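2 protein chains.
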Amino acid sequence: MPSKKSNTLEINMDRLWETLMVSASIGPGKTVGLSRLTLSDDDKEMRDQFIRWSQDARCTVTTDPVGNIFARREGTDPTLAPILVGSHLDTQIAGGKYDGILGVLSGLEVIRTLNDHGIETRRSIEAVCWTNEEGVRFQPPMMGAGAFAGIHPIDWVLAQTDKNGALFGEELQRIGYAGTADRKNKEIDAYFELHIEQGSILDAEGIHVGVVTGGFTSFGAQVVIKGEHAHSGPTPMKKRKDALVGAAVIIAKVNEIGWDYEPDGRTTCARIDVSPNEYGIIADHAEVTIDVRHPNAAKAAEMYQKALGLIPIAAKQANVDIEVLKEWSFGDVAFDPELIHLIRSTAVDLGISHQDILSAAGHDAYHLATIAPTAMIFTPCKDGITHNENEHIEPGYTMPGVNVLLNAVLQRANA
Amino acid sequence: MPSKKSNTLEINMDRLWETLMVSASIGPGKTVGLSRLTLSDDDKEMRDQFIRWSQDARCTVTTDPVGNIFARREGTDPTLAPILVGSHLDTQIAGGKYDGILGVLSGLEVIRTLNDHGIETRRSIEAVCWTNEEGVRFQPPMMGAGAFAGIHPIDWVLAQTDKNGALFGEELQRIGYAGTADRKNKEIDAYFELHIEQGSILDAEGIHVGVVTGGFTSFGAQVVIKGEHAHSGPTPMKKRKDALVGAAVIIAKVNEIGWDYEPDGRTTCARIDVSPNEYGIIADHAEVTIDVRHPNAAKAAEMYQKALGLIPIAAKQANVDIEVLKEWSFGDVAFDPELIHLIRSTAVDLGISHQDILSAAGHDAYHLATIAPTAMIFTPCKDGITHNENEHIEPGYTMPGVNVLLNAVLQRANA
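Protein sequences appear in the order of chains A and B. My numbering applies: residue 1 is where the first sequence begins, and numbers increase by one. My numbering applies: residue 1 is where the second sequence begins, and numbers increase by one.
Do not take every clue at face value.
Given that identical chains are not distinguished, each listed pair holds provided it fits within a single copy or across any two copies.
Claimed, not checked - Cut-off 20 Å, straight-line C-alpha distance, at most; resulting in silico cross-link-like pairs (SDA-like, lysine to any residue):
id, residue 1, residue 2
1, 253, 315
2, 316, 256
3, 238, 204
4, 184, 80
In case anyone wonders, no lab produced these hints; they're calculated from the structure. Given the structure is predicted, the values throughout are model-derived calculations rather than measurements.
Could you build all of it, start to finish, from the sequences and the hints given here?
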């Protein structure tokens with residue numbers, strides 16, 4: 001297929017936007033956003049909708065044992081490894097309407113556009129929805145993509161629990177998305193993921209496309225702090241084993257590590273659970289998540305070691321026991337040079353403004369990059385606000401990126 | 001009534017213990033203790049039981065607008081101001097079976113013992129249950145006694161909410177304890193409160209009775225920390241407004257104040273609420289309770305000022321706004337010298353080991369002391385463990401204190 005013809009192919013932005021708005025009505029948040037948690041009823045409703053759209057686009061839909069959904073448009077040579085295009089349909093609590101969702105629905109829009117123009121491709125193209133990218137209800141994040149890439153054993157994923165003790169495997173069964181598709185040993189030619197930037201660089205500079213060259217390296221941990229119940233009045237400081245103080249020391253000092261690595265380093269403790277968490281009773285139990293990120297892998301590892309080094313300090317200060325319950329890491333990837341080049345040159349061909357960019361957030365693409373050539377396209381979001389109901393994009397700012405995706409996928413599929 | 005006769009009067013410890021064990025079955029905790037929260041169904045069940053027992057003891061029972069219950073045994077001269085003997089029937093979450101409860105049921109046992117012996121008193125005696133001493137479900141603690149003493153306006157008490165938004169006034173109505181007894185302008189001759197020590201001094205030294213001369217001064221506050229939602233990956237440290245970091249700085253530094261005032265000073269943040277409290281999202285909202293105590297009122301005030309002084313420091317460090325939502329104070333009281341002397345001399349007369357002691361915990365007696373001559377008797381509890389399901393007392397260790405209570409009340413009632 002001549003390059004000129006690819007370059008003139010365009011997505012139907014009205015249709016993509018309408019599709020996004022249907023998604024935006026499933027699992028509403030408190031105000032303008034979404035709270036569509038993994039394996040919730042809302043997640044099921046959105047998955048059902050995605051499958052109906054995929055079937056309308058004449059795709060064959062399969063689901064794997066951790067609930068990842070694949071909507072396949074068969075190529076002219078079905079023996080060739082397919083191209084996957086996707087992201088996730090789950091959101092944060094009080095999150096936005098586009099984070100992840102835009103990537104899945106752009107994959108669908110690529111397929112719909114090829115259908116509109118009756119364009120066949122040599123390789124099959126699959127629009128993919130990965131399960132539990134956000135890691136809100138079940139930790140770690142990017143769980144479905146991690147299982148697909150063989151990083152997390154399937155049984156381990158199914159055995160994870162949310163904070164109310166609900167099992168991932170049972171919830172997956174409950175919403176009817178425990179599938180049987182076996183993707184092991186099946187090659188993938190390339191994985192493309194389009195995503196809103198979740199940062200303010202593109203928006204601030206008025207650039208339409210971020211060519212993602214790699215990610216911040218991220219380390220995460222969940223720690224448990226074990227103290228002892230006692231009355232806050234008569235119990236002298238020396239007799240206390242205060243789990244909340246242990247947690248607070250960790251949270252405050254983890255934050256300081258981020259400041260020591262400004263402006264690139266980031267450290268966050270976003271979640272704490274305390275028991276009994278009541279006035280007058282010294283807490284006997286606390287749990288905290290630690291999240292450490294840096295674009296330089298060695299520095300991220302150094303920061304993470306410093307964070308772990310706080311554990312004995314906090315344990316001594318609060319006279320408590322502290323253990324690491326769970327650890328995870330992602331993002332130490334460089335995306336595929338050939339795909340990066342393809343995205344960049346497609347943007348050039350289409351006359352779309354673009355720049356190289358690093359991703360500070362986690363993405364399913366990180367796990368895919370360990371098993372297949374992978375690349376990402378970022379599109380702007382207003383003021384970089386995300387994981388927030390005020391997350392906002394405009395059709396005019398989004399369309400150029402999806403057109404780059406379409407034409408890059410098309411070229412790769414016929415290469 | 002001759003002093004010799006009073007001195008030989010004894011409570012029925014088997015009956016008191018049986019009464020305590022009935023209470024110990026209402027509102028069970030996780031293991032061996034109780035979780036009988038204020039205005040819960042369990043609280044209602046216990047109140048109903050207390051009223052049945054009081055009526056069996058031929059008392060007249062009344063309830064005031066905040067749910068305080070008065071079981072009155074009429075004296076021979078009903079025009080004289082009565083003697084009140086009481087404490088509270090609510091408990092902590094996973095609290096003990098005796099904290100507060102022993103004081104109310106000892107008041108009832110005093111009345112029952114006088115009935116057994118057909119002893120009339122000049123002054124009326126009332127066994128009292130004060131509402132919401134613990135302050136677990138509704139803050140501040142000692143709310144019912146505070147309202148009775150005119151420290152909290154009744155309407156203000158009724159308007160307080162628990163963490164799920166339930167109104168104190170509506171919950172009080174729901175369990176049927178919004179009474180109409182008007183105690184305003186009614187004099188009280190004396191208030192006695194017997195309570196387990198909630199510390200280990202008596203237990204460690206094998207002494208049966210603590211003659212409480214006063215309390216630790218306590219200051220409490222609830223602060224709210226206002227930050228901003230953002231993604232933990234792409235948001236640089238300088239752009240963050242992290243409410244959880246603000247809370248952690250307060251918790252860690254409030255704890256340090258306690259250490260600076262060792263061994264008498266105590267500082268605690270026992271409760272934190274964070275929103276959205278999820279992995280990947282910087283918290284936009286947190287609330288923390290601060291609790292500061294010292295036997296010396298001036299030092300307690302100094303410590304509390306230092307705690308409040310942390311607010312701008314934490315606000316700056318986390319780039320957040322912090323406000324004090326609610327403040328309270330109690331314990332800066334010296335009990336009545338005459339009543340203290342009466343308790344001490346009664347213990348001497350009965351040959352019961354005793355020592356003077358200060359209370360580090362809050363008690364309803366603190367509020368009563370502002371309107372009537374007040375004193376407290378402490379009895380031992382094992383290892384000083386309390387606000388804990390393992391709180392433990394023995395009949396043999398408890399009976400001497402209740403006998404001191406009985407004989408002191410009897411002397412006062414006939415004085």
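Hints and how they fare:
1. 253 / 315: both (13 Å within a copy, 16 Å between copies)
2. 316 / 256: both (19 Å within a copy, 13 Å between copies)
3. 238 / 204: between (53 Å within a copy, 17 Å between copies)
4. 184 / 80: within (15 Å within a copy, 89 Å between copies)
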